[in-house]
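Please construct the entire structure, taking both the sequences and the accompanying hints into account.
If you read the sequences in order, they're chains A and B. Under the UniProt record's numbering, the first sequence has 340 at position 340, and the numbering climbs by one with no breaks. Under the UniProt record's numbering, the second sequence has 38 at position 38, and the numbering climbs by one with no breaks.
Here are the computed lysine-lysine pairs in the DSS-like style, where the Cα-Cα straight-line distance is at most 25 Å:
id : chain 1 : residue 1 : chain 2 : residue 2
1  : A       : Lys98     : A       : Lys32
2  : B       : Lys28     : A       : Lys53
3  : A       : Lys426    : A       : Lys320
4  : B       : Lys75     : B       : Lys40
5  : A       : Lys426    : A       : Lys323
6  : A       : Lys328    : A       : Lys268
7  : A       : Lys47     : B       : Lys24
8  : A       : Lys98     : B       : Lys40
9  : B       : Lys75     : B       : Lys24
10 : A       : Lys29     : A       : Lys98
11 : A       : Lys53     : B       : Lys24
12 : A       : Lys426    : A       : Lys268
To list a few chain B residues with every Cβ distance to chain A over 12 Å, as calculated:
id : residue
13 : Glu4
14 : Glu25
15 : Asp68
Interface residues of chain A toward chain B, partial, derived using beta-carbon atoms under 10 Å:
id : residue
16 : Ala77
17 : Ser80
18 : Phe81
19 : Glu90
20 : Pro121
21 : Asp122
22 : Asn305
23 : Asp306
24 : Pro344
Don't read these hints as lab results, they were simulated from the structure. Here a beta-carbon is modelled for each residue, glycine too, at the ideal position from N, C-alpha and C.
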Amino acid sequence: MTADHIKGVAAAPGLAIGQAVRWRKDRPKVEKRQVDDADQEVLRLEKIVDRAKEQLTRLRETTRERMGDDEAGIFDAHLSFLDDPAYIGEIKNRIRDKKENAEAISEEVTEEMASMLASLPDEYMQARADDIRDVGNRILLLLSGIEPFDPSLLQSGSIVIADDLAPSDTAQFPPGVAAMVTSRGSKTAHAAIMARTLGIPAVLGIGDNLDQIQEDDTLIVDGDEGNVTINPDADSQQKARAEMERQQELRRAALEKAGSDAVTADGKRIQVFANIGRPADLETALQNGAEGIGLFRTEFLYLENDHWPTEEEQADAYAKVLKAFEGKPVVIRTLDIGGDKDLPYADLPTEENPFLGHRAIRFCLSNPEIFKTQLRALLRAGVHGDLWIMFPMVENVSEIREAKSLLEEARSELEKEGHAVAQQPKVGIMIEVPAAAVTADVLAKEVDFMSIGTNDLTQYTLAADRGNERVAPLYDAAHPAVLRLVRQTCDAARQEGIITGMCGELAGDPKMTEVLVGLGLDELSMSAGTIPEVKENVRRIETAPARTLADEALTKSDPVEIRSLSGK
Amino acid sequence: MYEETLTISNETGLHARPAALLVKEAGKFECSIKLVKEGKEVDAKSLLGVMSLSVRQGEEITLRAEGDDAEQAVKTLRQLIESGLGE
Numbered sequence: 001m002t003a004d005h006i007k008g009v010a011a012a013p014g015l016a017i018g019q020a021v022r023w024r025k026d027r028p029k030v031e032k033r034q035v036d037d038a039d040q041e042v043l044r045l046e047k048i049v050d051r052a053k054e055q056l057t058r059l060r061e062t063t064r065e066r067m068g069d070d071e072a073g074i075f076d077a078h079l080s081f082l083d084d085p086a087y088i089g090e091i092k093n094r095i096r097d098k099k100e101n102a103e104a105i106s107e108e109v110t111e112e113m114a115s116m117l118a119s120l121p122d123e124y125m126q127a128r129a130d131d132i133r134d135v136g137n138r139i140l141l142l143l144s145g146i147e148p149f150d151p152s153l154l155q156s157g158s159i160v161i162a163d164d165l166a167p168s169d170t171a172q173f174p175p176g177v178a179a180m181v182t183s184r185g186s187k188t189a190h191a192a193i194m195a196r197t198l199g200i201p202a203v204l205g206i207g208d209n210l211d212q213i214q215e216d217d218t219l220i221v222d223g224d225e226g227n228v229t230i231n232p233d234a235d236s237q238q239k240a241r242a243e244m245e246r247q248q249e250l251r252r253a254a255l256e257k258a259g260s261d262a263v264t265a266d267g268k269r270i271q272v273f274a275n276i277g278r279p280a281d282l283e284t285a286l287q288n289g290a291e292g293i294g295l296f297r298t299e300f301l302y303l304e305n306d307h308w309p310t311e312e313e314q315a316d317a318y319a320k321v322l323k324a325f326e327g328k329p330v331v332i333r334t335l336d337i338g339g340d341k342d343l344p345y346a347d348l349p350t351e352e353n354p355f356l357g358h359r360a361i362r363f364c365l366s367n368p369e370i371f372k373t374q375l376r377a378l379l380r381a382g383v384h385g386d387l388w389i390m391f392p393m394v395e396n397v398s399e400i401r402e403a404k405s406l407l408e409e410a411r412s413e414l415e416k417e418g419h420a421v422a423q424q425p426k427v428g429i430m431i432e433v434p435a436a437a438v439t440a441d442v443l444a445k446e447v448d449f450m451s452i453g454t455n456d457l458t459q460y461t462l463a464a465d466r467g468n469e470r471v472a473p474l475y476d477a478a479h480p481a482v483l484r485l486v487r488q489t490c491d492a493a494r495q496e497g498i499i500t501g502m503c504g505e506l507a508g509d510p511k512m513t514e515v516l517v518g519l520g521l522d523e524l525s526m527s528a529g530t531i532p533e534v535k536e537n538v539r540r541i542e543t544a545p546a547r548t549l550a551d552e553a554l555t556k557s558d559p560v561e562i563r564s565l566s567g568k
Numbered sequence: 001m002y003e004e005t006l007t008i009s010n011e012t013g014l015h016a017r018p019a020a021l022l023v024k025e026a027g028k029f030e031c032s033i034k035l036v037k038e039g040k041e042v043d044a045k046s047l048l049g050v051m052s053l054s055v056r057q058g059e060e061i062t063l064r065a066e067g068d069d070a071e072q073a074v075k076t077l078r079q080l081i082e083s084g085l086g087e
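Now the structure itself:
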């Protein structure tokens with residue numbers, strides 16, 4: 001059999017070989033028919049609704065055990081629909097009125113509800129349309145005698161194939177799933193984030209090519225290159241297995257040493273931290289040997305809520321992370337939000353150009369009451385550990401001063417109210433606007449630390465939208481222009497005797513570790529999964545040759561040359 | 001029948017969480033309770049119904065109840081709404 005190659009988005013790194021299992025989300029074909037005894041039909045529906053409730057309650061409990069309350073909450077919403085008179089009540093009424101079968105009526109009412117929700121002016125409600133379709137499908141499957149896809153069909157080594165994977169799907173993955181391949185989705189899709197958290201390779205966005213994959217086909221999934229090979233020949237399989245073993249061996253060796261410090265061969269300590277998006281990510285960070293948190297994004301508190309998060313809600317979340325890291329540095333970034341994100345309760349105006357718009361520190365400074373709630377929560381939580389506060393998207397000194405004076409205001413308010421507050425939190429800025437990197441020498445005088453956010457710095461420097469597939473080839477953080485800005489920032493920090501870290505994707509690129517150390521970074525922060533490998537890389541590096549390598553990289557004209565340089 | 005008209009004052013309007021709170025409270029009463037906005041009437045015991053009105057801050061709604069505890073129901077719900085629905 002000849003092998004087929006499919007190209008998709010390389011969404012989560014790693015190599016896997018295994019058997020394709022289709023994550024079935026099929027909808028049974030529904031035929032409308034008249035029923036003689038409508039009451040009997042309603043009774044049939046009621047029994048099915050009870051069974052759906054049982055299934056969902058079980059799902060909620062296993063999800064809560066495995067992934068925590070936030071993820072389990074999805075199923076609470078599903079369960080509430082099953083008690084709703086406008087939904088189940090309406091289905092029953094209509095079965096009686098029209099004397100039609102439960103399947104046809106359920107489908108009809110579900111679709112009406114979903115369209116109603118989708119038409120509401122608010123994104124949070126619109127998202128509930130998918131939830132009610134999910135519930136409606138469960139009812140239909142049960143009515144038709146088809147059990148919903150049973151995740152226990154997935155064995156160790158299965159590769160999950162699906163059109164798309166929702167949080168309610170990935171939440172059910174048993175341990176041992178080898179990889180995932182989907183027809184929709186991008187690097188930033190939920191499925192991609194999930195795969196990186198689980199540490200399994202993922203190739204997403206393969207489109208209609210998904211249909212070429214049959215159940216039980218053998219697949220090689222290369223999450224670094226975004227390749228899927230269908231039914232590879234014996235030779236390719238053998239090669240892939242050998243490569244997997246090599247990677248696993250390296251990873252095992254790296255993991256064994258993940259708990260110890262990363263010190264270069266000539267004795268320079270590089271701190272390797274984790275980026276996290278929510279307290280639930282803590283465990284993976286600790287397991288992989290994170291020596292601190294280099295970036296705690298606080299947006300989840302705002303995006304997954306239906307109101308501005310209160311001081312208490314925020315302080316709880318921050319304290320959880322600070323306590324888990326027992327006195328090690330935890331860099332918490334203040335709210336980074338703008339016109340590209342929709343907060344249902346906030347009514348942010350849509351902007352033509354949200355990435356150049358009223359976002360992050362700009363938004364916070366013109367909404368001091370929202371900003372101060374966060375600053376107060378940070379100061380209160382700060383008593384539980386080593387708090388570093390980081391302001392995003394800063395581009396001039398007055399922004400720093402204004403933010404710091406609000407921080408002081410928050411502190412004196414709290415003290416007057418008799419709260420315990422963090423005494424000496426470090427205050428720093430994220431370097432992600434080219435203007436900030438270029439004037440880093442001026443900004444460095446105002447702060448305790450700087451952290452380079454390469455994701456935005458790259459898109460601003462190269463004028464390439466990182467979400468736009470057509471300019472994706474231009475977007476590469478290893479571009480010499482970006483690296484020159486990194487060097488400039490590191491030099492400025494050294495002049496002032498402050499620390500420079502990096503918390504963008506580039507920091508976790510194992511091929512770039514030597515160049516980054518050579519550019520003068522003191523701290524690298526990344527997704528937890530890559531920490532052990534980067535630490536191992538650091539241990540092999542000597543700072544003088546690394547500096548020469550970095551100098552050479554700065555003279556190159558494109559990222560490809562730079563990557564091959566450090567791969568030597 | 002007993003009804004009262006009032007203005008929604010909490011910041012997010014009858015958004016998910018406030019709506020859920022209202023529906024839960026409404027469910028404790030025997031009588032039928034309707035929520036009316038601009039002539040559109042929904043069951044106050046249905047979360048989907050209440051959400052479908054998408055009531056925003058500053059908008060006027062009518063609570064209309066029918067049954068033995070109608071007056072009690074409307075007064076309790078009015079208090080809940082006036083107290084800001086947990087916000």
